[in-house]
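Chain A is fixed; fit chain B onto it per the hints.
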Amino acid sequence: MTGIRAIIRKELADHFSSYRFMILFALIAMVSLITTYMVGMGLKDELSGPEKPGFVFLRLFTSTGPLFSLVQFVAFFGPLIGLVLGFDAINRERSTGTLSKLASQPIYRDAIINGKFLAGTVTITIMLLSILLLVSGLGLTLIGVVPGAEEIWRILIYLLISIFYVAFWLGISILFSILFRGIATSALATLAIWIFFSFFVSMGATVVANAAVPLDQTTRKDPQALLRHVRIQRTVSLMSPMQLYNDSTGIIIDPTRRTTRSLVLMGPVERLSSARFERPLELSQSIFVVIPHMISLIAITFICFGVSYAVFMKQEIRSL
Amino acid sequence: MAQQAIVETDHLTKRYGSTVAVDDLSIEITEGEIFGFLGPNGSGKTTTLLMLLGLTEPTSGTATVAGFNPTKEAIKVKRIVGYIPENIGFYDDMSGIQNLQFIAQLNNIPESVSSPKIDEGLERVGLKDDATKKVAAYSRGMRQRLAIAEILIKEPKIAFLDEPTLGLDPEGTNLIIDYIKSLSTEHNITIFLSSHDLTQVQKIADRVGIMIHGRMIAHGPLEKLAHEKLGVEDKKISLDEVYMKYFQEVSP
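For the protein sequence lines, the chains are A and B, in the order given.
Those letters in the first sequence? Residues 1 to 320, per the working numbering, in order.
Those letters in the second sequence? Residues 1 to 252, per the working numbering, in order.
Only chain A is shown next, with the shape it has when bound in the complex:
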């Protein structure tokens, strides 16, 4: 275990002293604080009106403001943190010759990759936690509403999901740094994967759904066809980790959302009765709605790390 501790310590020192980390952190902090400020000003206006909405504090994270909400920002930009922290994790050591030096020390070989992944995850956690605290602090002073216990729990769960989400992308980038010898190659490959999963999958989902269940003048009125269309589109788009993340954090951070589905078929009577009991979901119920999403997200994170682990352990250290 001593080996892994030494490696984690060194990796953390590397991360925190790198320009890469500082630039990334400054960028994220700046955007988050600006977004929070704008959203907070909007919320303040709203709060001065006669209607007092619930869960005001959480709306700091979900309200879109003029640009985007904080949750959307992390969903979009979070992967970049993971990718930037890991895309040269192994291949840089390989090209400078430090990998064979490291492997010739009396440590298990998996200590190298475990140490790198853990150090990256710690860095991500520190980054996200400090951003969250910054945003909360600014939000507190702006709107003057103290979060309740349930809101704090929701924010903590949101933080946890976000850490896994970013760690998934860290795993992807470490995998690519093992697979590709060139640092530039692995950087480009990780970017390509990120763009593919974040943007093309959702476009592709629409295309697949249109091909499978074409919606024209007649079928548009058929609820069954419409439902099938939406279902196919959702299934395909869930292949994207970004969609999984958006769905799970959306429900967790916003208690008024009851389902991840965008289209729910309801009869007029049902609609009436559900509208009468429109209340925010309890935390446990919110978690219940998105537990499959959360588990999938955690699972792909572990799968991704597992694949990197297996590839790294089987690879010959030499083949320089």
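Just so you know, the hints here were simulated from the structure itself, not pulled from any lab data.
The beta carbon of each residue, even a glycine, is placed where N, CA and C say it ideally should be.
One thing to keep in mind: the hints can contain errors.
To be verified - Derived DSSO-like pairs (lysine-lysine); straight-line CA-CA distance at most 27 Å:
#1 B/K76 / A/K314
#2 B/K181 / B/K224
#3 B/K181 / B/K157
#4 B/K157 / B/K229
#5 B/K128 / B/K117
#6 B/K72 / A/K314
Unchecked claim - Incomplete in silico selection of chain B near chain A, CB under 7 Å:
#7 L53
#8 L55
#9 I75
#10 K78
#11 G89
#12 Y91
#13 S95
#14 F102
Same frame as chain A, now just chain B:
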């Protein structure tokens, strides 16, 4: 000095696809000696070292390092073996002293033990004034000296040195060769020195092995090889001549 084999290989073979990197290698290295492992580039010297370190698995045959099997007991072997890879491999953005501290941590040497050793080691190789400089600013010779300091800190039983004088000027080469000699005499470390710098190896090696195309074609003390190949008893015979003789026989 105990006449005991510390490194032993038994029909050690490594194939990469159809190419044979190391072919049926059987050698013995005695504790305390300096063994010069000679051969042209690509003759399988590095592959042999990697197999002895447990970083590469042999295709067939076995190796024993200080009684341990490097494939199965890699950690035990790595604990008592020092290794300087061909391209040395230090972290450029860390200072010399930080690099050594990191190695000490990886070897589980407590700081109270390692920090005087690090100072001593840096002093010994003449890097005391540059200890806090980043390794990126080091010259090739300084890196090699830092690698020697690393061996001094780890105090292994055996040191595997892969081309330690590669790319050094004559003065730097002499310095490194002197340090290697002192590793053997002062610290009683068995040295396995892979090189193609024959004149340097000749100065310090007790025995040499000549490796060509993955095969060890001759090994023994230099005088013996000279006697066999050139039929001379002269102790001043140069290794170059012996080596060229072997080389011409194998690849006409």
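**Message:** Let me make sure I understand: some of the numbered hints might not hold for this structure. Which ones are they, in numerical order?
**Reply:** 4, 13
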